[in-house]
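Chains A and B are the protein sequences, given in the same order. Reading the first sequence from the start, the letters are residues 1 to 621 in our numbering. Reading the second sequence from the start, the letters are residues 1 to 621 in our numbering.
Simulated from the structure, these hints should not be mistaken for lab results. Any given hint could be a false lead.
Just so you know, same-sequence chains aren't split out, so a pair can sit in one copy or run between any two.
[To be verified] The calculated DSS-like cross-link candidates involving lysine-lysine, where the alpha carbons are at most 25 Å apart (straight line), are:
1. K492 - K199
2. K199 - K37
3. K301 - K228
4. K508 - K585
5. K228 - K150
6. K57 - K37
7. K336 - K301
8. K508 - K52
9. K492 - K228
10. K336 - K585
11. K585 - K282
12. K585 - K301
13. K148 - K228
14. K585 - K13
15. K118 - K13
2 protein chains.
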Amino acid sequence: MKTYSPLPVHDLKLTAGPLKRRQETALRATIPATMAKTIETGRLDAFSLQWKEGMEKQPHYFWDSDTAKVLEGMAAALSLQPDPELEREYDRWVDCIVSAQQPDGYLNTYFTVVEPGKRFTNLGIKHELYCCGHLIEAAVAGWNFLGKRKLLDAMCRYADLLCRTFGPDGERRGWPGHQEIELALVKLYQVTGQERYLKLAKYFLDDRGVEPNLFVAEKAGIYEELLKYYQADVPVRKAVDAHGHAVRAVYMYSGMADVARLTNDSELLAACERMFQSIAEKRMYVTGGIGSSFYQEALTKDYDLTNGSLMYAESCASMGLAFFCQRMLNLTGDSKYAEILELVIFNGVLAGISLKGDAFFYTNYLEVDDNLQCYNSGATVRQEWFGCSCCPTSFARFLTQYQQFVCSAGEGELRLNLPVDCHIDTTLPGGAHVLADVAGGYPNRGVVTVTIREAAEFALSLRLPAWCRQATVRLGGEVLYSDEGGKYFTVKRRWQAGDQVTLELEMKPRFLHAASQITSNAGRVALKRGPVVYCCETFDDDFPVREFIVDTATAPQETVVEGLPADVVGLLCQGWQELPACRDKLYFEGEPTRRPAQLIAIPYSLWQNRGPSRMAVWIRE
Amino acid sequence: MKTYSPLPVHDLKLTAGPLKRRQETALRATIPATMAKTIETGRLDAFSLQWKEGMEKQPHYFWDSDTAKVLEGMAAALSLQPDPELEREYDRWVDCIVSAQQPDGYLNTYFTVVEPGKRFTNLGIKHELYCCGHLIEAAVAGWNFLGKRKLLDAMCRYADLLCRTFGPDGERRGWPGHQEIELALVKLYQVTGQERYLKLAKYFLDDRGVEPNLFVAEKAGIYEELLKYYQADVPVRKAVDAHGHAVRAVYMYSGMADVARLTNDSELLAACERMFQSIAEKRMYVTGGIGSSFYQEALTKDYDLTNGSLMYAESCASMGLAFFCQRMLNLTGDSKYAEILELVIFNGVLAGISLKGDAFFYTNYLEVDDNLQCYNSGATVRQEWFGCSCCPTSFARFLTQYQQFVCSAGEGELRLNLPVDCHIDTTLPGGAHVLADVAGGYPNRGVVTVTIREAAEFALSLRLPAWCRQATVRLGGEVLYSDEGGKYFTVKRRWQAGDQVTLELEMKPRFLHAASQITSNAGRVALKRGPVVYCCETFDDDFPVREFIVDTATAPQETVVEGLPADVVGLLCQGWQELPACRDKLYFEGEPTRRPAQLIAIPYSLWQNRGPSRMAVWIRE
């Protein structure tokens with residue numbers, strides 16, 4: 001099995017198009033906004049260890065993770081665009097964080113000042129290893145993006161303490177209630193080469209859910225019926241479906257894929273594949289959102305995918321699913337992972353953040369109506385921050401590293417996973433140097449040109465998406481391929497500077513039905529164009545989306561949408577407005593009447609950027 | 001405004017038909033089953049006050065209410081059918097309960113043995129006044145049905161303690177977290193004539209939600225945002241809509257209606273009318289179920305009425321709504337209250353209990369499918385008992401007193417609210433004696449005959465239901481009325497023995513649409529015949545209900561349903577089964593195909609009596 005890797009962090013830059021714009025916004029707005037909130041709420045200051053009982057701003061046990069994620073975003077941002085002031089602030093944050101480290105390497109604000117003496121006594125609930133994981137990721141980012149190693153050294157000391165404490169080389173058993181440390185330790189292993197970190201990551205996975213079950217044995221406030229929530233009900237290799245808290249799940253699956261890859265563990269890989277199938281074929285929204293229940297923010301059961309007030313589809317879970325898909329794609333080369341990666345990147349993730357970059361959804365509904373109760377406060381209007389602010393801080397680090405998903409490198413092969421506008425300057429495994437540009441405005445436009453800037457021999461693999469009925473690859477004027485998508489198409493040759501490969505992806509709008517098992521989508525359709533999922537959005541002056549019935553026999557017409565970026569393609573849908581036979585009764589006899597009506601569908605990821613609105617992805621047909 | 005009362009408890013007996021069968025089942029099964037569980041779980045034994053720290057079966061703070069409700073049902077059962085063994089058991093229970101009374105009148109097992117010394121310190125959470133209320137209701141039932149006053153005397157002593165403790169004549173402010181005591185104190189006032197009980201009931205209502213808010217001031221574990229849950233966010237007279245925990249709400253509204261009636265309080269009556277309108281016009285399922293969210297078991301917001309896994313519609317809430325409607329109907333005479341009373345009685349309530357009478361729903365879904373997650377354990381299969389077993393014990397007292405809703409008595413007037421088969425032997429206010437029989441098999445059949453058995457002069461008012469497009473009233477052969485329903489039709493005359501009034505209610509099946517604001521019902525219809533709401537039910541061998549599309553242009557045909565009582569009218573619906581274009585993908589392009597299909601709809605209240613099944617009330621059209 002040929003495997004792939006993301007390109008080194010400096011080797012690909014976004015140059016234009018929607019993703020680039022989102023990244024620019026992240027630098028301009030998301031990073032400053034989340035930095036300000038991290039400071040204002042006391043999260044950064046917590047590392048000064050000055051908090052005492054009775055004072056305000058008591059550190060919460062998940063606070064360190066928020067600071068770490070913003071810091072990771074700051075490092076990534078600095079690599080995209082030098083900014084001396086930001087860099088000074090970055091250094092100050094690192095100094096502050098490292099100053100909180102205890103002599104033995106321990107580094108956690110909550111257990112240092114709020115519950116001193118209680119470290120590692122409640123791994124189930126109190127996010128201790130989760131916070132450590134995010135600090136490690138931030139440290140690795142600081143090293144990879146900026147070459148700064150102060151935090152990296154500190155986190156190695158902390159990780160060494162963990163190695164002495166837990167697992168085969170440590171004193172005791174233990175694993176986290178919120179997974180994250182596993183993938184972080186793998187990253188730490190990858191930059192340091194220290195096998196013990198990989199070994200500990202593997203231990204955290206292998207011991208999870210093994211009898212006697214640690215969470216039950218320790219009575220860490222976790223009851224047996226809650227074990228599924230923590231993916232701790234069975235050993236991770238035995239799990240048959242993806243269940244429980246969605247973010248925990250996909251973070252863990254990402255770590256599993258990492259360990260499977262680095263230890264050649266086919267059993268663990270098979271478990272990863274089962275988890276992916278469970279999600280992609282049974283438990284995922286059409287937008288790539290996962291976690292259909294606000295109760296426990298969890299993956300529930302097959303086809304339980306309601307669109308309204310009950311659902312969750314947390315922004316962080318979509319980002320985590322992207323991490324998992326990326327790992328599986330690079331590990332197996334199988335394009336099916338790229339399909340979901342793309343779906344999530346362009347839809348489930350981006351819906352979670354405003355175009356301005358400073359407001360966020362925690363929950364990503366597929367239907368919002370005045371009459372639907374929400375179970376997550378403020379959930380139908382993007383918020384600047386949350387008490388549990390994982391989503392904003394996830395965006396700070398995700399958007400600034402967006403480019404990591406675009407290409408993969410294999411032995412003598414460059415794979416274009418997402419054909420967005422970018423500049424590539426990288427050396428492939430095997431030594432070939434690739435200098436190239438991708439342009440075309442994907443995903444809003446379907447014609448993509450790859451221009452080779454320097455002579456070199458390598459294989460260029462273009463992903464032909466499975467949603468595409470007619471994908472054409474041209475080299476110069478010659479048609480190399482013209483058929484359905486659903487695979488990578490490889491052109492291996494000795495390239496000359498100026499060579500151009502053109503990818504033409506038919507972007508005709510498509511109406512989708514849902515599997516009939518999803519009861520709430522019966523009699524409804526969703527609309528996609530390319531990889532982009534659409535929604536119908538209405539405002540106060542319009543009729544409610546719920547009254548719209550779309551005519552699927554009439555092709556939606558492309559149109560400009562006022563108030564959104566100029567390259568966004570709106571789709572004008574023809575249909576009817578259904579008028580109730582009786583407006584003032586809850587239930588009544590008589591046939592509703594219809595009158596012709598039309599609505600503009602916009603990309604789901606862009607809803608509620610023109611003011612508070614009502615929205616639905618699944619429209620009556 | 002002319003007011004009405006239920007008939008005295010011995011004056012009306014059900015004689016045949018569905019309600020009579022349910023009552024017989026209650027005597028045969030529900031009463032013995034709930035008695036056995038009350039004993040087995042330690043609820044009755046708790047009154048022996050022998051429990052000590054470390055022992056099993058620690059009394060829960062709501063246990064006394066369960067015992068009281070079953071006891072109330074036992075008293076009612078004994079009035080329907082003498083049973084010396086049951087009567088001995090009744091006396092034993094009363095002895096046991098009264099033995100737990102403290103010298104000052106206090107009577108609560110939890111605060112006597114589990115938290116001694118803490119009485120009245122946590123009125124918000126710990127159901128102390130709620131338990132007292134149910135014990136009072138049981139005591140009043142013992143007196144009314146059996147003429148036994150031991151428990152009544154005991155509860156008067158307890159109520160006297162409450163009068164000395166709370167309110168205008170007591171030492172301090174206080175009102176319950178779970179309303180119930182209000183309506184109970186009114187009952188106690190009605191049988192004892194002691195004004196202080198009415199005064200305390202009125203105080204509990206009047207002080208509720210008044211600033212400084214007691215629950216906030218006492219910090220009784222209740223946060224301000226939870227005040228809506230307790231209907232304690234505003235003074236009860238100021239409430240603009242029905243919100244919060246549904247059972248608490250309708251129990252309180254019932255008490256409000258009682259106090260409004262007995263104190264001629266037009267402001268309080270207006271508040272009751274607003275609450276009713278809020279429920280009936282904005283927040284009620286088509287079955288009469290209320291409480292659309294399993295979260296807080298609560299009434300949420302207008303039109304938030306999803307059918308699936310999120311909903312609640314607790315059985316107790318439907319019974320409570322019946323109590324509220326009954327009071328409003330008798331207080332105002334307005335037939336609109338009878339409409340909802342009837343709807344709830346025949347649908348929302350009866351669905352909660354199996355035909356065998358020994359298994360119960362807590363949650364009453366309107367749609368159950370294999371793929372919908374449930375948030376209430378075991379919720380899609382009726383259970384024998386629950387940890388919080390309010391619903392089974394509610395049925396024990398409700399079904400045995402079913403006859404209370406059938407007729408109302410006013411000055412010289414007998415009102416037939418629900419024309420079910422019954423025998424009436426009562427003396428009306430004003431002195432006229434009514435001896436009459438009602439027959440016809442309502443609600444399964446629509447032709448009802450009222451036969452007068454004894455000469456007397458009085459007004460007979462027949463309710464012509466609003467759902468009926470063609471209601472005909474005949475006296476002998478003479479047509480007195482033939483038009484739409486939606487009112488009471490009165491025949492005032494000097495009756496002779498043998499006089500017959502016939503009520504013919506057109507029972508044509510009707511398809512209903514929901515207000516378009518209820519998004520989950522868009523493109524769907526419900527089916528009613530008379531007051532009975534139907535559902536489609538399928539079993540393993542059939543196709544899932546979710547694939548059925550009903551042809552509303554073809555009238556459903558009446559049919560016999562195997563496995564259900566012979567008089568039950570099934571409705572054979574024509575339509576189509578929609579076959580997905582692609583069975584193995586979550587989302588796909590392509591048009592589904594349809595093939596002709598038919599399904600038998602059965603009364604919603606009878607679903608899942610022929611084995612585990614899938615069911616939907618709202619069917620795609």
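Same-copy or cross-copy closeness of K585 to K301 [CA-CA at most 25 Å]: between (36 Å within a copy, 16 Å between copies)
Homo-oligomer pair classification [K52, K508; C-alpha up to 25 Å]: neither (61 Å within a copy, 74 Å between copies)
Alpha-carbon proximity between K585 and K13, which holds within one copy, between copies, both or neither at 25 Å: neither (58 Å within a copy, 35 Å between copies)
Intra- versus inter-copy proximity for K37 and K199 (alpha-carbon distance at most 25 Å): neither (36 Å within a copy, 54 Å between copies)
Within, between, both or neither: K118, K13 at alpha-carbon 25 Å: neither (45 Å within a copy, 68 Å between copies)
Intra- versus inter-subunit Cα pairing at 25 Å for K336 with K301: For K336 and K301, the Cα distance is within 25 Å only inside one copy (22 Å; across copies 42 Å).
Within, between, both or neither, where K148 and K228 count as close if Cα-Cα is 25 Å or less: Neither: 39 Å inside a copy, 53 Å across copies.
Within, between, both or neither: K492, K228 at alpha-carbon 25 Å: neither (47 Å within a copy, 67 Å between copies)
K585 and K282: within-copy, between-copy, both or neither at 25 Å Cα: For K585 and K282, the Cα distance is within 25 Å only across copies (8 Å; inside one copy 38 Å).
K228 and K150: within-copy, between-copy, both or neither at 25 Å Cα: Classified as neither; 38 Å inside a copy, 52 Å across copies.
Within, between, both or neither, where K336 and K585 count as close if Cα-Cα is 25 Å or less: Answer is between; shortest inter-copy Cα gap is 13 Å, intra-copy 49 Å.
Alpha-carbon proximity between K301 and K228, which holds within one copy, between copies, both or neither at 25 Å: within (12 Å within a copy, 32 Å between copies)
Violated hints, listed in ascending order, are 1, 2, 5, 8, 9, 13, 14 and 15; each of the other numbered hints is respected by the structure.
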